[in-house]
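Trainee: Make a model of the complete structure from these sequences and hints.
With the numbering used here applied, the sequence shown covers 230 to 925.
These are calculated hints, taken from the structure and not from any lab test.
Misleading hints may appear alongside valid ones.
[Stated by the list, open to error] Calculated pairs, DSS-like style, for lysine-lysine (alpha carbon to alpha carbon, straight line, at most 30 Å): (1) K728 <-> K740; (2) K728 <-> K766; (3) K855 <-> K908; (4) K753 <-> K740; (5) K740 <-> K366; (6) K624 <-> K753; (7) K546 <-> K596; (8) K753 <-> K766; (9) K740 <-> K766; (10) K366 <-> K596; (11) K728 <-> K624; (12) K366 <-> K546.
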Amino acid sequence: MSDNTKIISSEKQPSLNVTRIGQARAMPPVRGEALLRPLESIWIRLSGFVSRAFPVEFNPFAQLGAVANTMFIVALVTGILLLIWYSPSVNGAYDSVLAMQQSPYLVELLRSLHRYSSDVCILFIILHAFQMLGARKFGGARWVAWLSGMLLLGLVWMDGWTGYWLVWDERARQIALGTANFLDVLPFFPEPLLRSFLTNDGLNSLFFFIVFFIHMLIPMGVVAFLWIHIMRLNAARFFTSVRMGLALLGVLIITSLMFPATLAAPADMTVVPQDLQIDWLFMMPLWFTERLSGSVLWVVLFFTTVALWGIPWWLTKGNPEPAVVNEASCNGCTQCVQDCPFNAIDMIDLEEPRSGITEFARVNLDKCVGCGVCVGSCDSSSINQSTIPVMDVRKFVSQLEEDVRHVAFICAESAGERFPIDENGSCEALPGYRVVPVSCVGWVHMLTIERALRRGAEGVLVAGCGVDPACRSGADYTGSRLAGDREPWLRVDHVDPSKVIFVRFDRTDPKGLIDAAAAFRSGKPVVRMRKTTSPLKRGAAAAVVGLSLTASTVLLSDGPYQTPQMEHSAFVVSFKHAGDVVTSTTTDQVDDSDVLPHMRRERPVERIRVPVRLRITVDDSVHVLKSFNPGGLFDDGLSVGISELELPVGIHSLTVEIDNTSEADSWAYEWSGEMPFAKAQRRVLVFDEDGRFVLH
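Mentor: Given below as structure tokens:
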């Protein structure tokens, strides 16, 4: 608990200080929790629905991150194989992709697999982010995972963005123009990137290859940040199981055969496409790049980044209560290190070994999330949490009342989260039980259970959360300890194991927990976790999940998009030209006219490059009159200009004049002509460095 309030105290007699089981949760409260909890409920219900149909191993919603990683590998492998047929040049890229599409079987299948695996990868990253947001798993020590996760999302998106660029179809045209609009705000480029995308002849193969090179390098960054993302997790699952991976690959292959990846028309820089089919998972930013200026895009990016990266700090209220090790009594067994889900415990060498003990455990406060799993691992009771001391709990479960002969350890994130309790551990929803709320059932040490049974308890109920535990492996460890598969295990030679039952119900199924507790107390068979045993229902659930994911991927990867309506045509003039250099003698305020000529100070001569002026006349009316200053650090470089003029559809008489002299009435270069303009057509006139006009 963030305010360090004790869950249980024993100044005179042990009693609870909380009024609801959920108040024992490890994670501190967050701002906007009322909005986030419904989001979490969606994931819990969805994951629970799938888990009731088939094993957790095949539940994609219980392993969103692992599915995303597996799909990343599929995209990486298929992308490498596609290099055999792909030509990374602006002139050959589209034709090579078109040849892939027209090739039967393998090549077309590989391209479609590459497309859909990339889509599933970023889709599951987004779902994983919303899941973590809804579960409030971003505060305290989890800030590293949150920030690195946001970076991973950005890198994967950028890889997809550049990947679509490399196809060089109509969609790639819009991506290139949107990127140029965004980057041209930066002062790093000698000339606007937009100039490279005005005409088909102006496309730069070197720049295209740079985009290809970036697309190849990004996966290395993804791997690096993926390691950072999970480096604080113990026994982290990078990928799904082999069987689940093969199942996902099978679904992708079927999808690729039924809905091959599409290809738009080749890019034409002089024609603005009106209706497109785009991949909304990667190309959604087109809506912004085509409607906002570059400066506004940077402002939007800045505030979006600050908002997302700042979530661990501006939403979280306080920090979780960390575990503390009594170093003097620690026997150095290392079990807590093995069990800690977040790698928050280190073994430290003793300066003076004692009784064969050479090291002790120490909790890293920067990594601890307060789950309490280590408390349940410690045989010597050397690890404790100030909010729920082990010895106080053992006293509490040892002093049962005459009409309360059962003990229940209830996870604060389980189905009992909202159950009210009083100071004596009584709960109306669980009659006949003395209830002990815990942050995670992994907190419960087997000796605590044994003590309750030896002191008169007729049974002990341990209730954990669902298939996606809030404290990762804590619930699984408890099940293994009770089964005798993991230390410290329940000593069956000291107590009757039939008097202990472990159940798991997520917080959307309080009735399941109530029914299980009542059945256990009355000696009836207990449903430990909701399952669907009907083959028909399992098949229906599998079909719903498979079809939903497939439909979502296909629809999002090739959805309709309309560019900003262009009812007019456009005339664009672009030039890169040097203004004349003029000299001027600087003057100062010192009058040296009375000094002999040979003794007068030398006045410095300053060389200045004048701006290049542009005038555009349409149908005998001047529409554009601009000056473009020279570039370079010292304003001595070439002047670069781009001017776009909207024109009504029809035939227009045009005159373009450019001058690079200092004379205001002089126009050194002139072009004129009469031409038709069609709807959504862009006519581009380029004035090159040699003083020639070229119409495109």
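Trainee: With reference to the structure, classify each hint as holding or not holding.
Mentor: We went through each hint and held it up to the structure:
Of the pairs offered as hints, the one joining K728 and K740 holds, with about 22 Å between alpha carbons and a cut-off of 30 Å not exceeded. Our distance criterion of 30 Å between C-alpha atoms is broken by K728 and K766, whose separation comes to about 33 Å. Between K855 and K908 the alpha-carbon distance is near 26 Å, which keeps this suggested pair within the 30 Å criterion. A distance of roughly 16 Å separates the Cα atoms of K753 and K740; the hinted pair therefore holds under the 30 Å criterion.
Between K740 and K366, the direct Cα distance comes to roughly 26 Å. Compliance with the 30 Å bound is thereby established for this hinted pair. Between K624 and K753 the CA atoms are separated by roughly 29 Å; this keeps the pair inside 30 Å, and the hint holds. For the hint linking K546 to K596, the alpha-carbon distance of about 17 Å falls within 30 Å, and the restraint holds. Between K753 and K766 the alpha-carbon distance is near 26 Å, which keeps this suggested pair within the 30 Å criterion.
Taking the CA atoms of K740 and K766, the gap is near 21 Å; set against the 30 Å cutoff, the hint holds. Only pairs whose Cα atoms come within 30 Å are accepted, and K366 paired with K596 is accepted, the gap being roughly 13 Å. Among the hinted pairs, K728 with K624 is consistent with the structure: their alpha-carbon atoms are about 19 Å apart, no more than 30 Å. Of the supplied pair hints, the one linking K366 and K546 holds, its CA atoms being roughly 13 Å apart against a limit of 30 Å.
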